[in-house]
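With the sequences and hints as input, model every part of the structure.
Using our numbering, read the sequence shown as starting at 5 and increasing by one per residue.
None of these hints come from the bench; they were simulated from the model. Glycine included, each C-beta is placed from N, C-alpha and C at the ideal position.
Now the in silico label distances, taken between C-beta atoms and shown as ranges:
no. : residue 1 : residue 2 : range
1   : 339       : 267       : 29 to 35 Å
2   : 325       : 215       : 37 to 43 Å
3   : 340       : 85        : 29 to 35 Å
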Amino acid sequence: MTVAVRVGLGPRSYEVLIGRGLVDAAAEHVGPLLKRRRTAIVMDETVDALHGPRLIGALEAGGVAAEAIVVAPGEQTKSFAELERLCGRLLDLELDRSDLVLAFGGGVVGDLAGFAAAIFKRGIGFVQIPTTLLAQVDSSVGGKTAIDAPQGKNLIGAFHQPRLVLADLSMLDTLPDRELRCGYAEVLKYGLLGDPAFFEWLEGAGPAVLAREEGALARAVARSVEMKAEIVAEDEREAGRRALLNLGHTFAHALEAQVGFDEGLKHGEAVGLGCAMAFRFSAFLGQCPAQDAARACQAVAAAGLPSTLAELADGTFSAEALLGRMAQDKKAEGGALTFVLARRLGEAFVAKGVDREAVRGFLIGEGARG
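Right, dumping it as structure tokens:
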């Protein structure tokens, strides 16, 4: 069964389709969006080897010519150099603004291809076909596209909504367990920020989701997408409520930047740790009951995700260096730190002007160097 979730943005509204076999029916779903029966597919080497022929074959069987553009896997691909190369390839293919680009992969490919689509000839349409749990429940929905800079993650980018999202659950069959856990961190995030009943369900059903049991996995993806679609429709450009989706991300992005976006700490792992730290920081400030913070941290740990700094390969971080990274965060305003914190499980809020010394004290208590 396929579930359709609508992202309501007026004339730029689109659907997120969730189910199995959507890649095999790609021509049926993408075809109506094409003015001419051709497209370019951006994917990384891993997805190309696993699923590239399946998507290309499905498109060509439906009369859509497809040209593959293959990039290296990993966060390092979200760079100016790769963006330039990708835009050059799109120009070589002589695509025009009536054509579409297909982003076939995880969050890295979606971010890179989406940003290229946003700036190519001042904007070309694109379709997200996410192949990881993290991308299906989070990065493929909402139109955030970006590349990284040495100063931090996702600092160069644009809002550019896709025309369609095809979240094919069969893509998750080949997903490594570590990547599945990374996506599950984002699933947990939705319960933690705004749906206590969903979080409570995950406390019991988490093992089934991580075991890829069809019903549990489908429910986890669908509820996550529903929540994100609702928030994006209300606040597309993160002027208000959408900032709640960054629960844990101020800590996560600082840690990722500090380790140089190394594969030793994947984005989903950083988000899981960041959510645990956000709840502990909320309790540290007296904003959240300690027992709620403990439950949040336990849920992160139970999923096999890091929940403390000591669990990272380089468990020793400088509090000052992390604070410097946080000052570069997109949510920071006028040099003041902004965090998404929690009043209780399922109730997050945006805290602006957070005292730098309070953050420093918390980080030192977490094990960072003074």
